[in-house]
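Peer 1: The sequence shown begins at 94 in this note's numbering and counts up by one.
No lab work stands behind these hints, which were simulated from the structure alone. Treat the hints loosely; a few may be bogus.
[As the list claims (entries may be wrong)] Each pair of labels, with its calculated beta carbon distance range:
| no. | residue 1 | residue 2 | range |
| --- | --- | --- | --- |
| 1 | Ala141 | Ser173 | 51 to 59 Å |
| 2 | Ser173 | Ile226 | 12 to 20 Å |
| 3 | Ser223 | Arg142 | 22 to 30 Å |
[Claimed, not checked] Straight-line C-alpha distance at most 30 Å; calculated BS3-like pairs for lysine-lysine:
| no. | residue 1 | residue 2 |
| --- | --- | --- |
| 4 | Lys152 | Lys208 |
| 5 | Lys203 | Lys163 |
| 6 | Lys152 | Lys203 |
| 7 | Lys221 | Lys193 |
Heads up, the beta-carbon is just placed ideally off N, CA and C, and yes, glycines get one too.
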Amino acid sequence: LVILCARASRDDMAAMSTCASSSLSFTRSVADVRGLRATVPANTAVVARANVTTEAMVKIRFTRLGRKRKPFYRIIAIDSRKRRDGLPLEELGWYDPMAKQSNLNAPAIKAWLAKGAQPSETVGALLKRSLIIE
94 LVILCARASR DDMAAMSTCA SSSLSFTRSV ADVRGLRATV PANTAVVARA
144 NVTTEAMVKI RFTRLGRKRK PFYRIIAIDS RKRRDGLPLE ELGWYDPMAK
194 QSNLNAPAIK AWLAKGAQPS ETVGALLKRS LIIE
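Taking the hints into account, I'd like the entire structure generated from these sequences.
Peer 2: In structure tokens:
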């Protein structure tokens, strides 16, 4: 604002006196102070979009539990667009990487795979080691 005040003409200085007050006020933009107006194109027709359908993919992946430097993972079925620790559709087991132990609900995992769920790389490797998938 200081640079703009220094370059502004005397007519603009009167309009910009509000920006020189002790408390900064951002209610007016630079375009308002200089008397500039934004023009909107005359052709502002709204174009309808084609019907777009998105299908949610279900992923079988880990959600992290435990504490710092002591990881513990639950294996969950979740919408692929959700974050890592989001609300799962179903909990399918757990994996403890420190003790190399796991507990898997094989019938539920096979049911989700039959419905088209895709396991993540790490969960896929774990399922192959436990002979749930080949």
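Peer 1: Please go over all the hints and tell whether each is borne out by the structure.
Peer 2: Right, here's what the structure says about each hint:
1. Ala141 / Ser173: 51 to 59 Å: Check failed, 28 Å falls outside 51 to 59 Å.
2. Ser173 / Ile226: 12 to 20 Å: Taking Cβ atoms as reference, Ser173 and Ile226 lie about 18 Å apart, which means the hint holds.
3. Ser223 / Arg142: 22 to 30 Å: Since Ser223 and Arg142 have Cβ atoms about 45 Å apart, the given range 22 to 30 Å is violated.
4. Lys152 / Lys208: 11 Å, holds
5. Lys203 / Lys163: This hinted pair holds, its Cα atoms lying about 29 Å apart.
6. Lys152 / Lys203: Holds, at roughly 13 Å.
7. Lys221 / Lys193: Holds, because 15 Å separates the two Cα atoms, which is no more than 30 Å.
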